[in-house]
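4 protein chains.
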Amino acid sequence: MNKKIRITVWNEFRHEKSNPRVTEIYPEGMHTTIANFLSKEVDYEVRTATLDEPEHGLGGDVLAHTDVLIWWGHMAHGDVSDTIVAKVKTRVLEGMGLIALHSAHYAKIFKALLGTTCSLKWRESTDKERLWNTMPAHPILQGIGDYFEIPQEEMYGEPFGIPTPQEQLLISWFTGGEVFRSGATWTRGNGKIFYFRPGHETYPTYHQAEVQKIITNAVRWAEPTVCIPDACPNSPALEPLPEDPAAADRPTLGYK
Amino acid sequence: MNKKIRITVWNEFRHEKSNPRVTEIYPEGMHTTIANFLSKEVDYEVRTATLDEPEHGLGGDVLAHTDVLIWWGHMAHGDVSDTIVAKVKTRVLEGMGLIALHSAHYAKIFKALLGTTCSLKWRESTDKERLWNTMPAHPILQGIGDYFEIPQEEMYGEPFGIPTPQEQLLISWFTGGEVFRSGATWTRGNGKIFYFRPGHETYPTYHQAEVQKIITNAVRWAEPTVCIPDACPNSPALEPLPEDPAAADRPTLGYK
Amino acid sequence: MNKKIRITVWNEFRHEKSNPRVTEIYPEGMHTTIANFLSKEVDYEVRTATLDEPEHGLGGDVLAHTDVLIWWGHMAHGDVSDTIVAKVKTRVLEGMGLIALHSAHYAKIFKALLGTTCSLKWRESTDKERLWNTMPAHPILQGIGDYFEIPQEEMYGEPFGIPTPQEQLLISWFTGGEVFRSGATWTRGNGKIFYFRPGHETYPTYHQAEVQKIITNAVRWAEPTVCIPDACPNSPALEPLPEDPAAADRPTLGYK
Amino acid sequence: MNKKIRITVWNEFRHEKSNPRVTEIYPEGMHTTIANFLSKEVDYEVRTATLDEPEHGLGGDVLAHTDVLIWWGHMAHGDVSDTIVAKVKTRVLEGMGLIALHSAHYAKIFKALLGTTCSLKWRESTDKERLWNTMPAHPILQGIGDYFEIPQEEMYGEPFGIPTPQEQLLISWFTGGEVFRSGATWTRGNGKIFYFRPGHETYPTYHQAEVQKIITNAVRWAEPTVCIPDACPNSPALEPLPEDPAAADRPTLGYK
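Protein chains in written order, with our numbering: chain H, 1 to 256; chain D, 1 to 256; chain Z, 1 to 256; chain X, 1 to 256.
In short, the hints are calculated from the structure, not lab data. The model shown is predicted, which means the values in this text are computed figures rather than measured ones. Just so you know, not all the hints are guaranteed correct.
Using 20 angstroms as the maximum straight-line C-alpha spacing, the simulated SDA-like pairs for lysine to any residue come out as follows [as the list claims (entries may be wrong)]:
hint: 1; chain 1: H; residue 1: K128; chain 2: D; residue 2: S235
hint: 2; chain 1: H; residue 1: K213; chain 2: X; residue 2: T225
hint: 3; chain 1: Z; residue 1: K108; chain 2: X; residue 2: C232
hint: 4; chain 1: D; residue 1: K128; chain 2: H; residue 2: L241
hint: 5; chain 1: Z; residue 1: K3; chain 2: D; residue 2: P139
hint: 6; chain 1: H; residue 1: K128; chain 2: D; residue 2: L238
hint: 7; chain 1: D; residue 1: K4; chain 2: Z; residue 2: P139
hint: 8; chain 1: X; residue 1: K87; chain 2: Z; residue 2: Y106
hint: 9; chain 1: D; residue 1: K3; chain 2: D; residue 2: G95
Using the sequences provided together with the hints, build the complete structure.
What follows is the structure, given as structure tokens:
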């Protein structure tokens, strides 16, 4: 197949400008780091978009030309316009894939698609995270062994306020004593959604090979098969129906 | 147990005032018909609320004192205030049960909880509907046989734009040749959701015994076990953590 | 409701006779300890059965008169007769609840109902187990907080070879660095199944209050609503069918 | 990718020899018809196997060299050896895909993987079957519209004794008034399973384009990602554990 998978990596891109620790790790922003490793796949065509661009970089036909959207947000979820969120939601339901990273558990778009609080426990400290592979046959986990470790990461702990995942891919162990469903999938409409926990801005998580491998795999998994716009059609019968004795009285109902 | 299950039956209550055919079937409104049959259960405490009341009848502590909310809406989904929808959603995620009837597939609250389009095919005609019981052990279907029929109903047809149900309870056959997932459940946060298809306003569906039985059963099934407000706590470690060599440099991060 | 829930606690009951450490913890067998705490519920009627009784204590009408079966096995899964396993499976599919404890992940009956290997990692050592509550509204977890700890337990680790649970209730953290889906539910036919991880024979786990609470809750959750024997009926049409031009040629087919 | 998908089409192959009507439709057996249309895909490598061959045609390394197994059985499920069923089950749990056609709902292998009765209603008559597409984005349904019809087929009706499908793909409408979940998927271990209802031996169903398209798509969907043999390893700790004060007393336990 010659067709490329068109990826848009969306990043809030504020920590990188205000926190020197983050700037040091991601001098061009997390989106650039992510775009760079994805671009190594010959069939991936990658662009980026950030919060402070006009329409958050998602205006015009960007979404229409995006097969898989990757989303990283954290401190400024409230600054994302409801109009853009509605457009992204429509595109996911039509078929676009969505990969929500780390604090995107609290992104408007993630919460709107899952329908729940998406709340969790958290702690910024010196925890090590060990992610266990609970579904080794899943395409997203190919190349990942029984587990992998991130030397230092923010802790996210259960209960995680999500609907029971369709597929449960990764569960994290944290030094401080917590566990977390760190990789999980859902289908919403025609679109596939993958949530992947790691990626706190103050750690070099997106430079780590296993993390890059999982995101790279997830793009291929989330590639759309279709683009089906929403419709709620009035449909004629396919089989003979009885006559309606009350038809003459029936008012014409035009709503729906 | 002496505690009563507190039910609020919410109805748009507009067809009944404007369409003589509907007025004839439900002279006091569908909500009153539903409240009346539910009130026969000695442990059910039933109130009603309608769209054109202040705050749609759901202001003050009504939701806080509601265990199970039943929702019927059709022609005026857009008139339901987003503020009220947000309050109802919060209560469901805390634990309140929700029973969405018929055209409530398109109610803002239903779509917000499921995250999808909830679109479908439809036809107002002379179809008979036969609902097949696909999960005879489920509490909601006790007292219902292999199937039951509704002599005339609006057709709803697949594809139905919902997430795969957690439990698939009923599938409808229509004379005109369509099928539909007419009874299905989901969990969202601490709340249980049941969608039940029948109930077009121009037919006496809510006067039918099987329909009443299912709604009555569903209330008991949807009764909350808990009321847990949303929280996203910063949590101290439960196990010893290593020292952070970079702690002195770490900026204090107050967001989340 | 006056009707009692009839519980059979099944135990392999061999470790208790051969290992002095186990004898000390469970002098009358684990089944007796479990039966004793369950018997405190006024509506629970509890009996026990063990491997070395005739027909493993499950002959005659024992299963027909059991609403919820609790199963603990470990070293002697292979000694359980396939005939008895088939009878238990039939009863679960008819409606009986099944609670599989600890090493019962490898019991013939559990594997036959789930259809998978049910394999896992394990280690007998000095791990502490902390069980996180991932579904605080679930009836089985009422009275359990955010988490509880078992001071010392055998480690079970992911990947756990189960179908994705219908409800994911508990995830364990172990000192040695592993995680495990320690509480999960499935529906099979008309019966409800709960797997609960803790309970290695060399630790006093079934004397611990939280463990007793969860098993006690699970019995009530697993109580059957129905008893429906298996059937695969030849069913006459409910709607008119066209004539079959080839009917005269059609051989009578009696199989199925 | 140059690697071919290796398919084995298994057929009971008895009706074709004993029933002239079936012989006329499938003179070389249904397996040959299915193998022929699958062989049009350049990356599919197809072989067949039948019940009355030695080891049912599945001996030696056939299963080890099969990526996707297609299974059609009806009148002779009981003649399939339990040993072969166990081998097939092991291969599915390792990663092999399984496509169960029509009466294979009652095949030993299908029941063993799903864990339920897999019973249903049935009728051989003049029903038309209309299959509705409930998940138009699914890879298995690409090229299939909103619905397709089979002019005459055996009726299968709900309730269908299966665990709630992971993905609900097709629901059938029958002239005689029934509905059926005609396309559904499950994951068992590392293997993917697709059940597809149509294919009664006395109708030319496997000659129909939509049916061929779905089976062709399903093979690609079910292709394994891995082959992971079952294991239940004793695993050393990854983190430091406390000393065990009772270690000296602890008997060595060699079971599991």
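A quick look at each hint next to the structure:
1. H:K128 / D:S235: Holds, at about 16 angstroms.
2. H:K213 / X:T225: Holds. K213 of chain H to T225 of chain X sits at ~16 angstroms (cutoff 20 angstroms).
3. Z:K108 / X:C232: Distance of about 16 angstroms is within 20 angstroms: holds.
4. D:K128 / H:L241: Holds, at roughly 9 angstroms.
5. Z:K3 / D:P139: Holds, at roughly 17 angstroms.
6. H:K128 / D:L238: 14 angstroms, holds
7. D:K4 / Z:P139: 18 angstroms, holds
8. X:K87 / Z:Y106: Roughly 18 angstroms between the alpha carbons, so the hint for K87 of chain X and Y106 of chain Z holds.
9. D:K3 / D:G95: This hinted pair holds, its Cα atoms lying about 16 angstroms apart.
Violated hints: none; the structure is consistent with every hint.
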